[in-house]
Structures are given as C-alpha cells and as structure tokens.
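**Student:** So the sequence lines, in the order shown, correspond to chains A and B. Just so we're aligned, residue 0 is where the first sequence starts under numbering that gives the first Met the number 0, counting upward by one. Just so we're aligned, residue 0 is where the second sequence starts under numbering that gives the first Met the number 0, counting upward by one.
Careful: at least some of the hints might be erroneous.
[To be verified] On the chain A side, residues computed to face chain B include the following (Cβ under 7 Å):
| id | residue |
| --- | --- |
| 1 | 1 |
| 2 | 2 |
| 3 | 3 |
| 4 | 49 |
| 5 | 50 |
| 6 | 52 |
| 7 | 53 |
| 8 | 54 |
| 9 | 55 |
[Said to hold, decoys possible] One-sided excerpt, in silico: chain B residues whose CB lies under 8 Å from chain A:
| id | residue |
| --- | --- |
| 10 | 358 |
| 11 | 361 |
| 12 | 366 |
| 13 | 368 |
[To be verified] So the derived label-pair ranges between C-beta atoms look like this:
| id | chain 1 | residue 1 | chain 2 | residue 2 | range |
| --- | --- | --- | --- | --- | --- |
| 14 | B | 30 | A | 185 | 50 to 60 Å |
| 15 | A | 211 | B | 89 | 51 to 61 Å |
| 16 | B | 292 | A | 97 | 40 to 50 Å |
| 17 | B | 95 | A | 95 | 52 to 62 Å |
| 18 | A | 5 | B | 35 | 25 to 35 Å |
| 19 | A | 39 | B | 115 | 39 to 49 Å |
To be clear, the hints were calculated from the coordinates, so they are not data collected in a lab. The beta-carbon is built from N, C-alpha and C at its ideal position, and this holds for glycine as well.
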Amino acid sequence: MGIEITEPRVIVCEGEGDVAFFTHLIRKRDLPPFQVLPAEGKSGYGRVLTGLSAGTGFDRLSGILVVGDNDLNPPAAFHDIQEQIRAAGGYGIPNRPGEAVKSQGFPAVVVMMVPLHQRVGCLETLLTEAAYEITPDLKTCVDAYAACTHADAWNEVQQSKMKLQCLISALCRSDPQTAVRYAWNRKEDIIPLDRPCFDQLADFLRGFDNLLL
Amino acid sequence: MIDRRLDGNRSLREKPMIESFEVSNFRGFERLELHGLRRINVIVGANSSGKTAFLESMFLAGGGSPEIALRLQAQRGLGQPFQVTWDRASYESLWRYLFHGFDQTKVISASLVGSAADTRSVTVAYSEQDSFTLPLAVEHGAKVGLESPFIVPVSFEWRDSRGQVSRAQPKITEEGLKIAGAGETMPIFFFPGTMAPNAKENASRFSELDTQGKSGSLVAGLREIFPYVEDISIQVISGMPTLHATLSYSTRKMPLGLISGGINKLVAILLAVAGRPQSVALVDEIENGFYYELLPSIWGALLNFCKKNDTQIFASTHSEECLKALGKCIVGSEEEFVLIRTERANGRCSARVFRGRQLHSAIEQNIEVR
Chain A
0 MGIEITEPRV
10 IVCEGEGDVA
20 FFTHLIRKRD
30 LPPFQVLPAE
40 GKSGYGRVLT
50 GLSAGTGFDR
60 LSGILVVGDN
70 DLNPPAAFHD
80 IQEQIRAAGG
90 YGIPNRPGEA
100 VKSQGFPAVV
110 VMMVPLHQRV
120 GCLETLLTEA
130 AYEITPDLKT
140 CVDAYAACTH
150 ADAWNEVQQS
160 KMKLQCLISA
170 LCRSDPQTAV
180 RYAWNRKEDI
190 IPLDRPCFDQ
200 LADFLRGFDN
210 LLL
Chain B
0 MIDRRLDGNR
10 SLREKPMIES
20 FEVSNFRGFE
30 RLELHGLRRI
40 NVIVGANSSG
50 KTAFLESMFL
60 AGGGSPEIAL
70 RLQAQRGLGQ
80 PFQVTWDRAS
90 YESLWRYLFH
100 GFDQTKVISA
110 SLVGSAADTR
120 SVTVAYSEQD
130 SFTLPLAVEH
140 GAKVGLESPF
150 IVPVSFEWRD
160 SRGQVSRAQP
170 KITEEGLKIA
180 GAGETMPIFF
190 FPGTMAPNAK
200 ENASRFSELD
210 TQGKSGSLVA
220 GLREIFPYVE
230 DISIQVISGM
240 PTLHATLSYS
250 TRKMPLGLIS
260 GGINKLVAIL
270 LAVAGRPQSV
280 ALVDEIENGF
290 YYELLPSIWG
300 ALLNFCKKND
310 TQIFASTHSE
320 ECLKALGKCI
330 VGSEEEFVLI
340 RTERANGRCS
350 ARVFRGRQLH
360 SAIEQNIEVR
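Okay, chain A solo, but in the shape it has when bound (with noise of 0.2 Å):
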C-alpha cells in the first residue's frame, strides 16, 4: 500500500530523522496535524514533490511545507531547493524561506531553512542544542572528545552531526546503538522537545495556515 496523502498540510523534509523529529514535535507540542515525508536526501526533494503531484488526495492539500537545512552556506542551500522545486513542474517557488507560493491547480509551497534566520548548521545542530540545554556539563565532554579525535577540525555541519550521535549514545542506556530517528522512541528523553530551542520551529508550524493566506 503507498502512501496516501491523509492531512491537508504536509512537511517534505530531507530524511528519516527529520521526519520523527517533525513527526514527534507535532504530536508533543499539539500543532496543527502534518504529514510529513522524507525526501530521501538533500536531492530528493524534487522527485517526492513530482511524485506527490500525481498522489491520491494532492487536490485536497492546502500547503506543502519543504523543510531543507542551511548547512555552511544558506542562501545557496535555499537556492537548490528552489531549483528543485522548479523542476518538479507547476508548483510556485518561493523567493525566500517563509514565503508561500501557490500556482494553480497546485497547493501553496513555502520553504523553511532551519536553523532559521540563515543561521549556518543543519536540524542536527538544533538537537545538539536541547540535548545540551537539560546535560550542560556534557557540552565540555562532547567538545573534549572531538578535539581528541581531531572532529573539531571538521566543518560546523559535520561537528553538529558527530556531536549528536555522541550524546545520543551516551544518553541512551537502553540502546546507545539508537539512531537519531528512533531517538524519541526510547524511554530515556534524549532529545526533548519542549525546550526553547524548538520554539521558534513550533510556532512557524502553528503558523503556517495563515502564511498561506
């Protein structure tokens, strides 16, 4: 059985993990319901949105919300995303993150950089970051161990991802294996969700109706 386009809203994000966090953020937060699909890579987000163009229920959605990262350069991040949506064919493309663009017979598209603000880093620096927030004494740990291993002369990206798999395993007794999608699946709260860090990335989803209007 494919996957049947069930809500009205949905989040085309980069992976797996992107999609618990989403996934997993909606649901502890109570926003308005998302269906959220992996894109299968940062190229993969044009061939989800083709494809959904011929999907059972694409005439019912009301916006599409493609969540990409800024990684070390945003606007050229942006700029492949738009590229991609582009070639998807009939959609609007955005001129900027947050900006919702619809054409017709097609729902409203907007883009969503994280972190937002063009801030340099990817979802996992964000993750990073509330898993620091409740084990602060872990940062000089984590930090100490990639200076160890020479991680520390990676880039911002790179480090970001390290670093959260690091603590990841530390944090999850039960099975330091676990992967960032299956983080919130276990009992330990390696990530929470409710911390500040996520505020901003809540609020744009309980938002997002009136960015279509």
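Since the structure of chain A is provided, determine the placement of chain B on it from the hints.
**Tutor:** Okay, now just chain B, sitting in the frame of chain A:
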C-alpha cells in the same frame, strides 16, 4: 525491459497515436476531455470511477457497427446481444445503459484525435426522423396490436479523419434485431477484464502471423516469461482451431487456456498487437491472471511489442504490484507514459492525466496514485 533501440529517431509526434480524447453522455461520463495521451496510458481509479467505461467509449469510437455497443453490454453481464422482443421498451432497453444517467434524450459522443488513422468520432442518438411503426404481431395465428409499436431508432454515426461518415441504425424486424450500414473500423482491440480471449480469433491471428514467418518473436517473448512453453501451434478441437502449447514438462500439447488464463490472455494481446501494427490495444484490469513476480517481464514484453509495432496501449489496473512492476520499465522512457486517474463525485465520472515523470516519481517514492 524495454528495448530502446526500437525507438529509432522518431519523435512522439511522428508516431501514429491518439493524442486526445473527448466523450460526452456515455455511462458515468457527462463530459470528459483528455489531452496529452501517450504510447502507454495506464488507467487507475476506484471501483465505479469509470475506468472500464473510458476504455469502452474509446472502443465504441474506434468501431464501425452498433454491434460493438451490444457486445459491451454483454461484457458487462447485461444479457446477450440480439435478445430483443418485439416492442419499443425492449428496443430502448438495449441502449439505455450506454447513456449517462440513462437519459436517452441526450447524444452520446466520443472522439479520438491524433494522427490521421487515429482521428475518429462517433455519435449515438435517437433519430426521430427515422421513426417507424412495427407491424401487427401474430399471436395464435391472429394479428394483434402492440403496446408500443412506434419505434424511434437509435442511430450510430462514425466520422473518420477525412470526414467520411458511416451510419448505422439497428432495427427490429420480424427476424429480430437487424444491424445494417456498418462501416470501416480503426484497428482497435478491447480485452475486457473478465472474459476469456476468443479461441477462434486467436488461432486465426496466430495463423496469419505464422504464415508471414513472424510467430517466432512471439514464441520467443513468451518463452522468456514462461520458460516451460517451448512452442505454439494450432490444433483443432471439435472442429474449432485452438492455440496449443508444446510444454517442456509434457509430451502432449495443451490448449493455452488450460495451461494458464494469464498465458492465454498475454498471447491474445501480443497476437493482436503483432498482427495489426499501428493499432490501439485497450486492456481492462491488465494484472488479472498474472503471478506478481512475472509482472515486470510481462510489462516488458508488452511494451516491446507495442514499440515494435507502433501500438498504443490503454491499460487499467487496480494493482499496486502491477504499477511497481511498470515503474522499472518507465526509467528513461518517461515521455512515453501517462497515468490517467478516473474519479467519481456526485454521480459523475471524471479523469485526469499525469505525466510519465509524475507517475515514475510517485512509484519510486511509494506515493499512492490509485
């Protein structure tokens, strides 16, 4: 997989093909207009959304005799053709189910637009000016009046790309229903989802192909999918020529229909396609009769035959496995495919066309398109 060498350098536009289709007042369709049709058109949709009616309306447009309409009714289980009694109600009941909302005051029209050979239309309407009165019936040796002897005949009118019109009116006579005035048809084949292929027709097509020395590719194609089928020949059973297969596991040749309904169906389709190049094949519920693991190679064989013979195919399916199998064949040939999804809302059927690229992405992303 599709043999891409068969494509040559010809563009889609140069190939004989139906490019758009319009139908009005036929079955669930009050009005439908579809553009952008391609070589392979896959039709999906819920039950009662108009998939079969869509294929039927194309078949009617491509035909040349009202007998087609009666055959369509019979395929739907609405009685056998030519069973009509001697009155107006019986006559009109033959055609009622063709009309949208059973409203026989409307005019059914269906038109195929494409290359010259594929441009054709039909209208079906009651023709007041041709009305006639039935003579008195004879009961127990005496002439008696009829309850409704006044008959307005239904008129079928086909028009081809040159504007040539052929008209036919089925009439009730003392001998029964008489269909006169049948005209030329376009090469269009309809394979209903629930009916076994016609053994005599298949044997005749195979014989023609074999005579031309072209049956080898059909047998080879079949053997690729069903390795135990070594050869095909025609044998006569009770005076009826029937296709038989030579099987690797048996010394006795077996009728195709006895080996497998799926093999029989595939052979019927391939024979129609190979026997009449530049034709249109309408296949309802294409997945019926096929084991799921064979679906990719069955699609592959069908698509190869269609390309080799410039055949256009319209195939409906309910099956996710069938669509996934098709997904493997689309890669690199997206422009050759479209998805048509039929829907029903408020008693009316509608349909939309999606490009091959959309279909391919949806299958790849496991997005439901049915």
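**Student:** Would you list, in rising numerical order, the hints stated earlier that this structure does not obey?
**Tutor:** Of the numbered hints given earlier, the structure breaks none, since each of them holds.
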